[in-house]
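What follows is the residue order along each chain.
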Amino acid sequence: MTAHPKFDVQRIRQDFPILSQSIRGKPFVFLDSGASAQKPRAVIDAMRNAMETQYANVHRGLHWMSERTTESYEAVRDTIALLINAPSRDEIVITSSITASLNLVAHSYGRSALKPGQAVLISGMEHHSNIVPWQMLRDAHGIELRVCPITDAGELDMTAFETLLADGKVGLVSITHMSNVLGTYTPAERIVRIAHAAGAKVMFDGAQAIVHRQVDVQALGCDFYCFTGHKLYGPTGIGALWARREILESMPPFMGGGDMISSVTFEKSSWAAVPHKFEAGTPAILEGIGLKAAIDYFRAIGYEAISAHERALTEHAIARLSDIEGVQIIGRAQDRGGVISFTLDRAHAHDVATLLDRQGIAVRAGHHCAEPLMHRLGLDSTARATFGLYTTHEEIDVLAEALTKIRKFFK
Amino acid sequence: MSFDDLRDLYQGVIMDHGRHPRHGTRLQSFDVTAKGDNPMCGDRVQIWLKYAPDHTIADAGFEARGCAISIASADLMADVVRGRSPADTKALFDAFRAMVRTGICPDHAGDLADPLEKLKPLLGVHEYPSRVKCATLAWHALTAALEGVQEGSSE
Ligand SMILES: Cc1ncc(COP(=O)(O)O)c(C=O)c1O
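Going down the list, the sequences are from chains S and E.
Here the first sequence is numbered in this note's numbering, starting from 1 and rising by one per residue.
Here the second sequence is numbered in this note's numbering, starting from 1 and rising by one per residue.
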């Protein structure tokens with residue numbers, strides 16, 4: 001597959017100052033974007049500019065600086081709405097991460113809309129952040145937690161999925177849109193269709209998917225979608241939750257404090273309108289400004305070009321790694337993206353990661369915050385290479401050569 | 001192909017003990033046993049100890065699943081603790097842990113100098129703080145065995 005005509009990865013790399021470094025005297029090969037992505041100059045500049053020229057608390061000052069800061073912070077809401085094609089900016093709740101988004105829904109929606117005896121359905125390839133909040137809800141509120149198994153290829157078992165929904169007890173399906181271990185995309189439209197037919201709402205964990213594939217919440221037809229900023233080339237400490245307005249309106253607040261109220265007396269407080277009802281306290285102002293810059297940067301390149309580039313990278317990586325004796329790629333989903341977990345027969349994943357690091361290559365190794373999935377796969381850990389829009393074919397070649405060398409070293 | 005750039009942590013000693021441990025078997029006859037588990041990386045080890053009549057360690061064996069560092073460390077440990085009293089072994093662990101955390105081999109006169117010299121190939125892990133726990137896992141299990149508990153803690 002050839003790269004998109006508009007897409008010049010070398011030019012893009014120049015936008016990411018960190019990539020020009022050397023690590024241990026070797027060019028820095030960063031294959032850990034799935035854990036957290038690097039930041040383009042546009043993000044760095046936007047955050048620095050705000051601190052140098054335009055910063056005050058938002059939503060409350062009656063002075064020029066506060067008004068301007070509020071405008072530039074609030075702009076991220078419009079940008080996120082555009083990114084995921086939300087019908088309204090008021091349906092975008094700004095959180096501190098996807099973990100915060102998932103906990104918000106588990107706590108607020110989970111304890112109000114879901115009744116004891118109802119069930120939440122997740123999958124066998126969830127990140128811990130889409131497991132633990134539901135266990136906490138189960139223990140506190142008496143809901144049942146169901147887990148849809150995955151197939152040996154690393155895809156959602158859709159027959160089991162339908163069966164698990166059949167008794168009509170599932171109130172919410174909360175499922176990853178793309179596995180952070182296997183790279184599998186889940187069949188989102190189909191999930192929504194089946195779940196809705198069984199009377200369940202659907203939430204997607206878009207932490208990985210949104211980085212690689214255009215997300216249109218209206219086309220997907222889901223009820224909730226969440227993501228985290230730092231994987232999308234933005235800063236840490238900021239994420240978002242989208243949900244349909246009527247759902248958000250029916251949900252009680254999660255945290256109480258400033259910014260989320262319309263009035264407070266000692267007897268009673270009333271809540272601000274959505275989305276502010278869910279945004280207690282001073283928000284991550286600089287991070288909001290940074291995330292807007294990241295999304296603007298990303299959208300200017302465009303999903304079409306980014307997806308084509310990453311598809312080509314993924315194909316190249318699968319071909320190169322499959323060629324190395326002793327390397328096993330974990331997961332063989334039909335619909336997959338640039339997240340590749342693998343094992344090497346002679347060396348443990350941690351040794352592989354450390355020895356790759358000696359050669360300037362950053363990968364992640366471990367259970368990737370998905371221990372139940374590791375058990376399902378019968379593995380303790382894998383090494384994982386993940387790609388970003390700045391990843392090159394040459395970097396994958398460097399990885400392949402380094403793995404070959406490590407295997408020889410462990411002969 | 002030159003492996004020079006790979007060798008600083010993965011020296012010959014570590015590769016050798018990590019891949020072909022001498023003490024990597026369960027003892028047929030033992031007095032205490034304990035497990036160590038490192039859920040963050042999936043490393044697991046079980047230690048078996050046989051005491052001599054004077055309550056020094058007569059023999060140590062282990063079974064482990066994990067990386068080369070954790071296995072090499074368990075093997076070197078099983079080697080150096082033989083003939084030592086529990087108190088002596090704990091002092092050695094303290095010195096070893098300080099070494100892998102700081103990268104400095106503590107200046108120990110007398111009794112500990114020799115075993116620390118043997119453990120020195122593991123010193124390089126200090127450069128990888130997240131891997132220090134690989135090097136200390138077997139020692140935590142050993143400490144648990146000496147204290148008569150089933151399960152060791154980890155870093
Ligand atoms: C699929 C998935 N869900 C959730 C998360 C959690 O993201 P965060 O730690 O930013 O909340 C991650 C990132 O590690 C992820 O890959």
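Don't take every hint at face value.
What the hints assert, rightly or not - Here are a few chain E residues that sit away from chain S, every Cβ distance over 10 Å (derived from the structure):
#, residue
1, 8
2, 10
3, 19
4, 27
5, 39
6, 68
7, 79
Stated by the list, open to error - Taking beta-carbon pairs under 7 Å as the criterion, some of the chain S residues facing chain E (in silico):
#, residue
8, 194
9, 350
10, 351
11, 380
12, 381
To be verified - FRET-style restraints, in silico, Cβ to Cβ:
#, chain 1, residue 1, chain 2, residue 2, range
13, E, 5, S, 346, 44 to 50 Å
14, E, 5, S, 9, 35 to 41 Å
15, E, 39, S, 24, 28 to 34 Å
16, E, 108, S, 20, 42 to 48 Å
17, E, 56, S, 20, 56 to 62 Å
18, E, 113, S, 9, 51 to 57 Å
19, S, 266, E, 150, 52 to 58 Å
20, S, 35, E, 53, 33 to 39 Å
21, E, 53, S, 25, 33 to 39 Å
22, S, 35, E, 39, 14 to 20 Å
23, E, 19, S, 197, 53 to 59 Å
24, S, 82, E, 16, 34 to 40 Å
Don't read these hints as lab results, they were simulated from the structure.
Every residue gets a Cβ at the ideal spot worked out from N, C-alpha and C, and that includes glycine.
Results for each hint:
no.	hint	in the structure
1	8	8 Å, violated
2	10	7 Å, violated
3	19	7 Å, violated
4	27	24 Å, holds
5	39	7 Å, violated
6	68	5 Å, violated
7	79	21 Å, holds
8	194	34 Å, violated
9	350	4 Å, holds
10	351	5 Å, holds
11	380	3 Å, holds
12	381	5 Å, holds
13	E:5 x S:346: 44 to 50 Å	18 Å, violated
14	E:5 x S:9: 35 to 41 Å	26 Å, violated
15	E:39 x S:24: 28 to 34 Å	29 Å, holds
16	E:108 x S:20: 42 to 48 Å	45 Å, holds
17	E:56 x S:20: 56 to 62 Å	57 Å, holds
18	E:113 x S:9: 51 to 57 Å	55 Å, holds
19	S:266 x E:150: 52 to 58 Å	54 Å, holds
20	S:35 x E:53: 33 to 39 Å	53 Å, violated
21	E:53 x S:25: 33 to 39 Å	55 Å, violated
22	S:35 x E:39: 14 to 20 Å	19 Å, holds
23	E:19 x S:197: 53 to 59 Å	55 Å, holds
24	S:82 x E:16: 34 to 40 Å	59 Å, violated
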